Amino acid sequence: MGSSVFIDRATVSGSNGNAIVRDISLRIDPGESVAVIGRSGAGKTTLLRLLNGLAEQRSGSVIVDGRPLVGSRIAERRRRIGTILQAPALFPHRTVFENVATVPRLLGWTDERIRRASEEMLDRLDMPFGRFAGRFPRSLSGGEQQRVGIARAMVAAPPLLLCDEPFSALDPIVRRDLQDTFVALRDGGDVTLLFVTHDVAEALRVARRIVLIDGGAIVADLPAADFVRSAHPLISRFLDAARIPEAS
Amino acid sequence: MSDLTAEVLHATAQHLLIVGVAMFAAIAAGIPIGIACVRNPRSGRAVLRLIDMIQTVPSLALFGFLIPLPLIGGIGIRTAIVALILYSLLPVVRNTVTGISGVDPLIREAAIALGMTERQRLMRIDLPLALPSIFGGIRIATVIAIGVATIAAAVGGGGLGTLIFRGVAMVDSTRILAGALPAAALAVAADLLFGALERLAARRLGV
Numbered sequence: 000m001g002s003s004v005f006i007d008r009a010t011v012s013g014s015n016g017n018a019i020v021r022d023i024s025l026r027i028d029p030g031e032s033v034a035v036i037g038r039s040g041a042g043k044t045t046l047l048r049l050l051n052g053l054a055e056q057r058s059g060s061v062i063v064d065g066r067p068l069v070g071s072r073i074a075e076r077r078r079r080i081g082t083i084l085q086a087p088a089l090f091p092h093r094t095v096f097e098n099v100a101t102v103p104r105l106l107g108w109t110d111e112r113i114r115r116a117s118e119e120m121l122d123r124l125d126m127p128f129g130r131f132a133g134r135f136p137r138s139l140s141g142g143e144q145q146r147v148g149i150a151r152a153m154v155a156a157p158p159l160l161l162c163d164e165p166f167s168a169l170d171p172i173v174r175r176d177l178q179d180t181f182v183a184l185r186d187g188g189d190v191t192l193l194f195v196t197h198d199v200a201e202a203l204r205v206a207r208r209i210v211l212i213d214g215g216a217i218v219a220d221l222p223a224a225d226f227v228r229s230a231h232p233l234i235s236r237f238l239d240a241a242r243i244p245e246a247s
Numbered sequence: 000m001s002d003l004t005a006e007v008l009h010a011t012a013q014h015l016l017i018v019g020v021a022m023f024a025a026i027a028a029g030i031p032i033g034i035a036c037v038r039n040p041r042s043g044r045a046v047l048r049l050i051d052m053i054q055t056v057p058s059l060a061l062f063g064f065l066i067p068l069p070l071i072g073g074i075g076i077r078t079a080i081v082a083l084i085l086y087s088l089l090p091v092v093r094n095t096v097t098g099i100s101g102v103d104p105l106i107r108e109a110a111i112a113l114g115m116t117e118r119q120r121l122m123r124i125d126l127p128l129a130l131p132s133i134f135g136g137i138r139i140a141t142v143i144a145i146g147v148a149t150i151a152a153a154v155g156g157g158g159l160g161t162l163i164f165r166g167v168a169m170v171d172s173t174r175i176l177a178g179a180l181p182a183a184a185l186a187v188a189a190d191l192l193f194g195a196l197e198r199l200a201a202r203r204l205g206v
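So the sequences go chain by chain: A and B.
So for the first sequence, numbering that gives the first Met the number 0 puts the first residue at 0; every next one is plus one.
So for the second sequence, numbering that gives the first Met the number 0 puts the first residue at 0; every next one is plus one.
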């Protein structure tokens, strides 16, 4: 069962006091997959960071699974929230296996269970455990590092998964490949997904609901099928920008 | 074994003891102080300035200042060790601060997002990644301490300085060299040892 998420009229300010997201409300039901799109600086990342406590609201509230997120046990709660960031930010002094095992270890799993889960996760991401487990991140390609980042975030099957442009630094072929793998993983588990991207095609591929954010506020919130038919001017611009011109 | 050889061996052992005890204490105190400085940047800067100031006191004067102090002062090995701890603190503290502050903020953020507590982040991420820098600090501190420890003989601290001071008083270059050469050799050995550790830690991090 995926997590339920409710952001209730949250405002987050930057260090200069200006609001980055303003009075934003968003409800996500268990098992939903939501893509948040918007231009650079629109507040997408801040919205995502509200959901793992990396950004804290000045006003309003963030409720995950019926309980306010921010509190004394935030570190424990984050272990049940998978976060995949644009930079995989793997721990350079730890092997692939040790990186992937991070959350299971924090959760106190047995060694055998950790090994089994890590092996299964890496295999599903096309990184055979035997070949990759003992390697250090510096010896991996960008795509491989991001796969390890995904494995690290998903190995303990978190009911809530947050992705912040996880594929944007990858070449288009690796990117497409990982999107497919990712969709398969999403479909294979009970997970609520919030996926931030500025790429409409990617949003439509990974999510069934699209939230458009601009200037720190939600300007559209539509099922993917309605999104592509919307007459909203900003949506039209996004769709136009994503269109590949036909060869003449 | 000639008298001088026996004297050199004894003085070298004593020198190693003084430096070893002082370095142990400086590392045991310096790394936690460095961690505290990173966690509280404002008071951390004040602490670093204070430790900086100690470093600027000429070593002979520092030994002199310590002599009249109760408990830590007086004539003898204790004063020598206290002075060396004070001198060795700066490189250890500063390099701990530099090492931890230099951890990639994205890596730190990933550790937070994965659900590590502050203590877990310190032990599993920050300190291991700061290790090359910390070893660098220990290397510099040890080399300085081995040199400064020769002056400890002036306050009755013993060690290789005893031979040097006696040699100077007797205008006996053999005796001066008998103190100076082992001290230099110890410094070079310490430099090589900790330099190797520093490189080993860095290689493990791939930097």
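The hints are simulated quantities; they were obtained by calculation from the structure and are not laboratory data.
Check the hints yourself; a few may be wrong.
Claimed, not checked - Incomplete in silico selection of chain A near chain B, CB under 8 Å: (1) Arg-78; (2) Val-102; (3) His-231.
Unchecked claim - Some chain A residues flagged as far from chain B (calculated, every beta-carbon gap over 10 Å): (4) Asp-7; (5) Arg-8; (6) Pro-29; (7) Glu-75; (8) Asp-125; (9) Ala-152; (10) Asp-239.
Stated by the list, open to error - In silico negatives: residues of chain B with every beta carbon more than 10 Å from chain A: (11) Ala-27; (12) Arg-48; (13) Ala-109; (14) Ala-110; (15) Ile-124; (16) Ala-183.
It should be emphasised that the depicted structure is a prediction, and the values quoted were computed from it without experimental measurement.
All residues carry an ideal CB built from backbone N, CA and C; glycine is no exception.
Here's how the hints hold up against the structure:
1. The beta carbon of A:Arg-78 is positioned within 8 Å of a beta carbon in chain B (closest approach about 4 Å), and the interface hint is therefore held.
2. Given the 8 Å rule on beta carbons, the hint for A:Val-102 holds: about 6 Å separates it from the nearest Cβ of chain B.
3. The beta carbon of A:His-231 is not positioned within 8 Å of any beta carbon in chain B (closest approach about 32 Å), and the interface hint is therefore violated.
4. Distance check on A:Asp-7: its Cβ is at least 22 Å (rounded) from any Cβ of chain B, clearing the 10 Å threshold; non-interface status holds.
5. Non-interface status of A:Arg-8 relative to chain B is upheld: no Cβ of that chain comes within 10 Å, the nearest being about 24 Å off.
6. The claim that A:Pro-29 is not at the interface with chain B holds, since no C-beta of that chain comes within 10 Å of its own (minimum 21 Å).
7. With a least beta-carbon separation of about 7 Å from chain B, A:Glu-75 fails to lie farther than 10 Å from that chain, contradicting its non-interface assignment.
8. No beta-carbon of chain B comes within 10 Å of the beta-carbon of A:Asp-125; the shortest separation is about 22 Å.
9. A cut-off of 10 Å between C-beta atoms contradicts the statement that A:Ala-152 is not in contact with chain B; the least separation is 8 Å.
10. With 10 Å as the threshold on Cβ separation, the claim that A:Asp-239 sits away from chain B holds: the shortest Cβ distance comes to roughly 33 Å.
11. The beta carbon of B:Ala-27 is kept farther than 10 Å from every beta carbon of chain A, the shortest such distance being approximately 23 Å.
12. Residue placement check: B:Arg-48 keeps its beta carbon more than 10 Å from all beta carbons of chain A (closest about 26 Å).
13. Distance to chain A contradicts B:Ala-109 as a non-interface residue, since its nearest Cβ pair spans about 4 Å, not more than 10 Å.
14. The claim that B:Ala-110 is not at the interface with chain A is violated, since a C-beta of that chain comes within 10 Å of its own (minimum 8 Å).
15. With a closest Cβ-Cβ approach of about 6 Å to chain A, B:Ile-124 is found to fall inside the 10 Å limit, against its non-interface label.
16. Listed as a non-interface residue, B:Ala-183 keeps its Cβ farther than 10 Å from every Cβ of chain A; the least gap is roughly 35 Å.
Checked against the numbered hints given earlier, this structure breaks hints 3, 7, 9, 13, 14, 15; the rest are met.
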